[in-house]
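Residue numbers (the numbering used here), protein chains in the order written: chain S, 1 to 81; chain D, 1 to 222.
Worth flagging that the hints you see were computed from the coordinates, not collected in a lab. Errors might be hidden in some of the hints.
Chain S side only, calculated, beta carbon under 7 angstroms to chain D, not exhaustive [as the list claims (entries may be wrong)]:
id: 1; residue: S12
id: 2; residue: I14
id: 3; residue: V71
Idealized CB from N, CA, C, for every residue including glycine.
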Amino acid sequence: MAKIVVDVMLKSEILDPQGSAVAAALPRLGFSFAKSVRQGKRFEIEVEGEVTPAQLAEAEKAAELLLSNPVIENFVVRVEK
Amino acid sequence: MKVGVVTFPGTLDDRDATRAVIAGGAQAVGLWHGDVDLKGVDAVILPGGFSYGDYLRCGAIARFAPVMEVIIQQGKRGLPVLGICNGFQVLCESHLLPGALTRNADLHFLCRDQKISIENIETSWTSSFTRGEEIVIPLKNGEGSFQCDDATLQALESEGRVIARYVGENPNGSRNLIAGITNTRGNIVGLMPHPEHAIDPLTGPSAQGLGFFTSILNALVK
Chain S
1 MAKIVVDVML KSEILDPQGS AVAAALPRLG FSFAKSVRQG KRFEIEVEGE
51 VTPAQLAEAE KAAELLLSNP VIENFVVRVE K
Chain D
1 MKVGVVTFPG TLDDRDATRA VIAGGAQAVG LWHGDVDLKG VDAVILPGGF
51 SYGDYLRCGA IARFAPVMEV IIQQGKRGLP VLGICNGFQV LCESHLLPGA
101 LTRNADLHFL CRDQKISIEN IETSWTSSFT RGEEIVIPLK NGEGSFQCDD
151 ATLQALESEG RVIARYVGEN PNGSRNLIAG ITNTRGNIVG LMPHPEHAID
201 PLTGPSAQGL GFFTSILNAL VK
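Between the sequences and the hints, there should be enough to build the whole structure, so can you do that?
Here you go:
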C-alpha cells in the first residue's frame, strides 16, 4: 500500500504560539540545540497500489481546498514509498 | 423580518443568538447544517461554538456543509451574514472574509468581558451604534487571533473595513487589535467577541450587544 504524505506548515510570517511554547520548553528540559521551533500538521493518505500521477494531482487539489488554509499555511505533497 | 440562525454539529451559541434576534425585534428561524435552502430568511447568523469539534482547523469542515454552499452563494449577492466567533472562523475559511483566526498568542482559552470600540457603522450589522462607541461584551475563544498579510491589512484599514477593535491590551495577538471586519459591500461581518451574550444585564455584562441585532432590522426595513 502506497502512501501520499501532505505536510502543512504555517507560513513563516504567521505567529506560531504552539511552536514558541515548545521552543521555550526545550531548554527547561536541558535541550540547548534548538534555535526556534515551528509546529505543523502531517497527513498520511493511503491509496490502493502504486500512487498514480492523477491521484497525486487530486491530493494537491485536496491539500489546497481542505487540508490547508492557503491564507496562513503552505503545504508540500509527496509520495512515501 | 426573518433572521436565520445556523446550527452545525458542535455549535453552542445558537440558543443565545436566537434569543438575541428576537430581542432585536426580528423573527428567528433555525437553520440546520444539512439544509439546502434558507427558508426564506432575510439574513443569517453563524453562531459561536466548536463546529465539527474544531477538527482540522476551526470552521474548516463547516465551510463545506450543505447550508454553507447556499450562504456563500447568497452572501456574495448581498445577503446579510453575521459570523460570531466560530462563525467568524467559518466566514474566513469560506473566503467570504479575508484573513484567518489563529491560536491566541498566549495559547490560553480566554473567557472574559471585553471592551471593544465600534469603528464602522455603515454595515448591515452595526448601524445602531455611533462611530467610536465603546461597548463591553464577552470574549471567549481559543483561536481568536486575527492574522492576514500586510497587503490585506492595509486594504482593510484604508477601506474602513475594520468594524470593531479591542480597547486596551491586545487580548489574543490579533493584528491591529482587530475584533471584527466586514467585506467590501458591508453585508458580511465577522466578529470574535459575543454580542448575543450581552443583550440583557441579567445574564451578560451589559445589554450593549443588542445593537448588532437591532442594526440588521434597520438594514432590512430600509
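To see whether the hints hold, each was checked on the structure:
no. : hint : in the structure
1   : S12  : violated (12 angstroms)
2   : I14  : holds (6 angstroms)
3   : V71  : holds (5 angstroms)
The earlier numbered hint that this structure contradicts is number 1, and it is the only one.
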